[in-house]
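Can you build the whole structure from these sequences, using the hints too?
So the chains spell out like this:
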Amino acid sequence: MTWADSFVMAVRSIRRRFGRAVLTVAAVALAAALLTSLLIAVGAARSRVFAAVSKGGPLTGIQVLPSTPDFGQLDSDSAKIGDPRPIDEAARRRIAGLRGVKSVVALVSSSVYVVAPPPPKLNDPSRRAVAQVEPFQGTFTGVDLQRAGELPVTVLAGRLPVPRSRHEVAVTDAYLRAVGLRSTDANAVLGSEVEFGAPRLFASAGTSTIRGRWTRSTIVAVVAAQGAPGEFIGSFEQVRAARAWTAASDVGLDREAQRFAQELTGDSPYSGLFVVTNGFDSVGPVRAAITRIGFSSSAPESLIASVRRYSQVVEIVLTAIGLIALGIAALGIANAMLAAVRERRREIGVLKAIGARDRDVRRVFLVEAGLLGIAGGVAGTAFGYVLARLVGLVVNNYLSGQGLTGVHIGLPVVIVGAGIFGSGLLALVAGTLPAQRAARLPARQAMGDG
Amino acid sequence: MKARRSVVLLVAVALSGTLASCTDRKEANSATPEQGRGSLYVSLGGDDAYGGRSGLLTAWPQVLFRTRLPITTEFVNLADRREGISDVRRRQVEPARELQPDLVTITVTDDAERGTDPAVFEADLDAVVRRLRDGTTTRVLIASVLPDAGAPEVVVQLNAAVERIAADAGATVVDLSGISATDPTVRGREIAAAFARTIAAPR
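Here the protein sequences line up with chains A and B, keeping their order. Read in my numbering, the first sequence has 79 at position 79, and its numbers run on one by one without any break. Just remember that my numbering sits 1000 ahead of the position in the second sequence, which is counted from 1.
Worth flagging that the hints you see were computed from the coordinates, not collected in a lab. Keep in mind it's a predicted model, so treat the numbers as computed, not measured. Please note: incorrect hints may appear among the correct ones.
Claimed, not checked - Now the stretches of chain B that chain A is said to cover, found in silico as 3 or more residues with beta-carbon under 8 angstroms:
no., stretch
1, 1057-1065
2, 1068-1082
What the hints assert, rightly or not - Sample of chain B residues facing chain A (criterion: CB under 10 angstroms; computed from the structure):
no., residue
3, G1038
4, Y1041
5, R1091
6, L1099
For each residue, glycine too, the CB sits at the ideal point set by N, CA and C.
Rendered as structure tokens:
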């Protein structure tokens, strides 16, 4: 008896008892759906919590500030700031060369005068729109936007500016507050234009005047950003041009003018660094090395470690619930297969009478159990994913109402594989006892009882 | 039989949907990065260009920059309160030249108000325009004096000087004779519109 014969016989048996097969598959499917949806939900929730903790950046990120570290720096997730200390290219290279450092993203900030567009009309009648947005002094942070994925920046609305763009900008929650809006109004500011004025001192014919270099940028995103100070995030090129303009001030020997220009551009070529380490275990040693070099830093390492521990506990509990459901489904399969053995005693007897060996009979029943398990796994995984998406829709609807980024419901290949092949394997285990019983049934007894 | 086929079909569709959703789809970013400096616009002049009456951020050059010029344009306003063309020559031209602008606008309303000698005015304006144009490709636009900026005979004389220098030194005159608004903000918008029309017109 070949494998193909066993397969054909198993399929025939399923077709003959179709109602019972459907019920068995449904039991497996429900259990698989429960396990799949729980695992997907746990995965999505975990990544959402980690994204919130790390502000959308990598979990292994460290923020380096242009100041010396204060006492007790390494005992705290937050930066303990000492005296100002410029971060120059040499310091950046030294930190990039530390053991355990994967990448270093530099940040550059500039003080700019901001003319915001008129406030958008709000749909909510209970809120009074701001009549006029007063110009204000803001901070514009420039980053290498090609490496934005390595930064703790979460896009709440829109998309990040195109790398090296000089006329696209992302705004933070601080901008929304400055123009009298809330984070739930993020979409309302997309597409509007902001004017930036970088100041510069001109000394001519014995007098000094301040003049702005004005540029316009379109708001293409609202972001939540950690480590990038201020209201605006754009390209390096934008901010460097503004800094260069201010730095070219005619200060001469006028100390007041010198201090003015220095306050606007700052002493530090870089306003901060964002260091990504090779792994979570490298965060502590790299922070210690950065402290030894002489810079203050911050990283949510203690917080993330706690969150990881709690999420693992939740994961274990929910997986256990899913496995219990699968165990119950396995009992259902075993019960159905035992009933099938009882009903098919005569068939087993005939098979043995015409020369089928014990292992041939065992194989027929195992193939049948395996087919039921795989069918249940496929249907259950698909149903579980749909279920998780529906839950995700409800959750995202709530989160967007609160002005927060939603969760991403993905379907990892591991879960698909585990759902389908795990169900098949479980069915094989559940079908082993009935198959064994069928295989050991003596031919004469089987025929006689029938 | 039909019911069984439907069940098989349903499972197949569910599986294909499940597998299809396994791959993350990232939004394609079709925008093109803009690089390098855009064109630079520099405004020279006195009170009206500085925004002494309308407010600095609603001065007509700022309005021109904000509403009429491409987003890639950068703008520097070197005009100052109560400055005539002699002040422009003395304090604004050299900083403007250093910036290597693509476009320069000059308005000289203050001279009409204070009744500057037309000959002196012409000499200063000539020096300003020639210095801006000397060895550069800078486009220079000079506004005619506003009709209500001073005594009619002074306005006529200054406008004649503006016409002559523009023709001699390769500048373009922006005709503001039609500006009638008295409200500084509305007037600023009208002046900006007049400049925008001249900029857009074929040279």
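Violated constraints from the hint list, given by number and in increasing order: Violated: none.
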